[in-house]
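Chemist: Below are the chains, spelled out letter by letter.
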Amino acid sequence: NAGVTQTPKFQVLKTGQSMTLQCAQDMNHEYMSWYRQDPGMGLRLIHYSVGAGITDQGEVPNGYNVSRSTTEDFPLRLLSAAPSQTSVYFCASSPMWGEKGDTQYFGPGTRLTVL
Amino acid sequence: KQEVTQIPAALSVPEGENLVLNCSFTDSAIYNLQWFRQDPGKGLTSLLLIQSSQREQTSGRLNASLDKSSGRSTLYIAASQPGDSATYLCAVPGSGGGADGLTFGKGTHLIIQP
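Protein chains in written order, with my numbering: chain D, 1 to 115; chain U, 1 to 114.
In isolation and in its complexed conformation, chain U is listed as follows (with noise of 0.2 Å):
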C-alpha cells in the first residue's frame, strides 16, 4: 500500500526567505504526483502537476521536482510571502490503475511570518 511521508508538518519562517517542502512515498511505481494548498477552511488548490517522465515543474516562484527512483519529491517556494501561508499537500495516484484516487500526504503547516 502506497504511503506519502511530508517532512516537516509545520514551518515557520520570516517573510522573503526560500523555503523547501519534501515529500517521500513508498511506491516508486508512480504515474504523477501532485502539489496541492489548503486554505483554513477551504478546499484544495492544485499548484503543481509533475507526469513520471518529467524531473521538474515551475509556476511562478515555485518549483516542484521530482525523483521517482529514491520516491521523493520537493516543493521548492521562491521569496516567500505572507500570503504563502497555508497548508501544502503532495499526493500521488493508487496502485489500482491509478483510478482508485490520490493518496495524500498528511501536509506540511507553513506560516510565513510578516
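With the rest of the complex left out, here is chain D (with noise of 0.2 Å):
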C-alpha cells in the first residue's frame, strides 16, 4: 500500500489563483480529512468526509471547497488564494473515526506559498 498520497508536494501561488491540491488513498478508508498547520497555530481542521458523497466543514472551511466522489480520492480546492492561506496542507484517513476510533494516517503535505 502506497497510504495517503499528496500531490503536489511544494506549490506557490499568486494572490487570486485557484488550485487544486491532491489527496488519495489506497486503504480502503471511509473517513478523510484535511488539515492545514501553521507556525504558533498547530494543525487545523479544514473540511472532512466521512464516506463518497458525504464532506462536512471543520474550523477553517473558508475559501476552500471540498468533494468526496470516490472513496479513494479527497481534493481541496482554493477558489481564490490569499496570503493567509500559505501554510502546510495535510490530508489524512481512516478506518473508523469517534467511538470506534482508529488510527490517523496521514499524507506528507504539501507547503504552499500565496504570493
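Hints are computed from structural coordinates only; laboratory data are not their basis.
Computed from a predicted model, the values in this text were never measured in an experiment.
Heads up, a few of these hints could be off.
As the list claims (entries may be wrong) - EDC-like cross-link-like pairs, simulated, lysine to aspartate or glutamate; straight-line CA separation at most 20 Å:
| id | chain 1 | residue 1 | chain 2 | residue 2 |
| --- | --- | --- | --- | --- |
| 1 | U | 68 | U | 27 |
| 2 | U | 68 | D | 102 |
| 3 | U | 42 | D | 38 |
Unchecked claim - So the derived label-pair ranges between C-beta atoms look like this:
| id | chain 1 | residue 1 | chain 2 | residue 2 | range |
| --- | --- | --- | --- | --- | --- |
| 4 | D | 80 | U | 76 | 40 to 50 Å |
| 5 | D | 18 | U | 78 | 46 to 56 Å |
| 6 | D | 41 | U | 20 | 18 to 28 Å |
| 7 | D | 88 | U | 9 | 12 to 22 Å |
| 8 | U | 76 | D | 20 | 36 to 46 Å |
| 9 | U | 79 | D | 70 | 38 to 48 Å |
| 10 | D | 70 | U | 111 | 33 to 43 Å |
| 11 | D | 15 | U | 19 | 37 to 47 Å |
| 12 | D | 40 | U | 26 | 11 to 21 Å |
| 13 | U | 58 | D | 80 | 44 to 54 Å |
| 14 | D | 7 | U | 70 | 35 to 45 Å |
As the list claims (entries may be wrong) - If you want the ones that stay clear, here's a sample from chain D, every Cβ over 12 Å from chain U, calculated:
| id | residue |
| --- | --- |
| 15 | 1 |
| 16 | 15 |
| 17 | 17 |
| 18 | 18 |
| 19 | 19 |
| 20 | 20 |
| 21 | 22 |
| 22 | 28 |
| 23 | 52 |
| 24 | 62 |
| 25 | 69 |
| 26 | 82 |
| 27 | 86 |
| 28 | 114 |
Backbone N, C-alpha and C define an ideal beta-carbon position, used for all residues, glycine too.
Two chains, two separate frames, one set of hints: put the complex together.
Modeler: Structure follows, in C-alpha cells:
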C-alpha cells in the first residue's frame, strides 16, 4: 500500500489564483480529512468526509471547497488564493472515527505559498 | 470547545535518559487519544492510540497513559536515542460525535543530544 499520497509537494501561487490539492488513499478508508498547519497555531481541521458523497466543514473552512466522489480521493480546492492561506496542508484518512476511533494516517503534506 | 495543551513546548536531554511528555485536555468526554510524531518537513506518524476504556498502551520504548477523569495523558520514552528527536503531538477527537476531526496540541519539540 502507498498509504496516503498528496500532490504537489510544493506550490507557489499568486493572490487570486485557484488550484486543487490532491489527496488519495489506497487503504479503503471511509474517513478522510484536510488540516492546515501554521506556526504557533498547530493543526486545524478544514474539511472532512465520512464517506463518498458526504463532506462537512471543519474549524477553518472559508476559502476552501472539497468533494468526495470516490472512496479513494479527497481533493481540496482553493477558490481564490490569499496570502493567509500560506500554510502546510495535510490530508489524513482513517478506517473509523469517533467512538470506534482508529489510527489516523497522514500524508506527507503540501507546502503552499501564496504571494 | 476542546482544548489540548502540551508541556513542555521544547525539551533537550542527553542520550540515554528516560523522559515524560505531558498532554492535557479540557473536555474529558473523549473516545480516545493519539500520540503522533512529526519529523521536520514531514507528515505525522501515529505512535500510539489509547481508547477511552484503556489506561495505557505500549509500543517498544514508548508507553502512553491516559487518565480521563483528570484530563491528562503522558508519553514516556525510555532510554532515549538521537533518532527520537522530533516533535511529538497529542490529539483527541472532536466533541461532535468524533467525526469532526482531531483537536491537536501544539506539540513538544524534543532534541536528544548524542
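Chemist: Each hint needs a verdict: does it hold in this structure or not?
Modeler: Do the hints match the structure? See the list:
{"no.": "1", "hint": "U:68 - U:27", "in the structure": "9 Å, holds"}
{"no.": "2", "hint": "U:68 - D:102", "in the structure": "18 Å, holds"}
{"no.": "3", "hint": "U:42 - D:38", "in the structure": "14 Å, holds"}
{"no.": "4", "hint": "D:80 - U:76: 40 to 50 Å", "in the structure": "47 Å, holds"}
{"no.": "5", "hint": "D:18 - U:78: 46 to 56 Å", "in the structure": "49 Å, holds"}
{"no.": "6", "hint": "D:41 - U:20: 18 to 28 Å", "in the structure": "25 Å, holds"}
{"no.": "7", "hint": "D:88 - U:9: 12 to 22 Å", "in the structure": "19 Å, holds"}
{"no.": "8", "hint": "U:76 - D:20: 36 to 46 Å", "in the structure": "42 Å, holds"}
{"no.": "9", "hint": "U:79 - D:70: 38 to 48 Å", "in the structure": "45 Å, holds"}
{"no.": "10", "hint": "D:70 - U:111: 33 to 43 Å", "in the structure": "42 Å, holds"}
{"no.": "11", "hint": "D:15 - U:19: 37 to 47 Å", "in the structure": "44 Å, holds"}
{"no.": "12", "hint": "D:40 - U:26: 11 to 21 Å", "in the structure": "19 Å, holds"}
{"no.": "13", "hint": "U:58 - D:80: 44 to 54 Å", "in the structure": "48 Å, holds"}
{"no.": "14", "hint": "D:7 - U:70: 35 to 45 Å", "in the structure": "43 Å, holds"}
{"no.": "15", "hint": "1", "in the structure": "15 Å, holds"}
{"no.": "16", "hint": "15", "in the structure": "25 Å, holds"}
{"no.": "17", "hint": "17", "in the structure": "24 Å, holds"}
{"no.": "18", "hint": "18", "in the structure": "24 Å, holds"}
{"no.": "19", "hint": "19", "in the structure": "20 Å, holds"}
{"no.": "20", "hint": "20", "in the structure": "19 Å, holds"}
{"no.": "21", "hint": "22", "in the structure": "15 Å, holds"}
{"no.": "22", "hint": "28", "in the structure": "18 Å, holds"}
{"no.": "23", "hint": "52", "in the structure": "15 Å, holds"}
{"no.": "24", "hint": "62", "in the structure": "16 Å, holds"}
{"no.": "25", "hint": "69", "in the structure": "19 Å, holds"}
{"no.": "26", "hint": "82", "in the structure": "22 Å, holds"}
{"no.": "27", "hint": "86", "in the structure": "16 Å, holds"}
{"no.": "28", "hint": "114", "in the structure": "19 Å, holds"}
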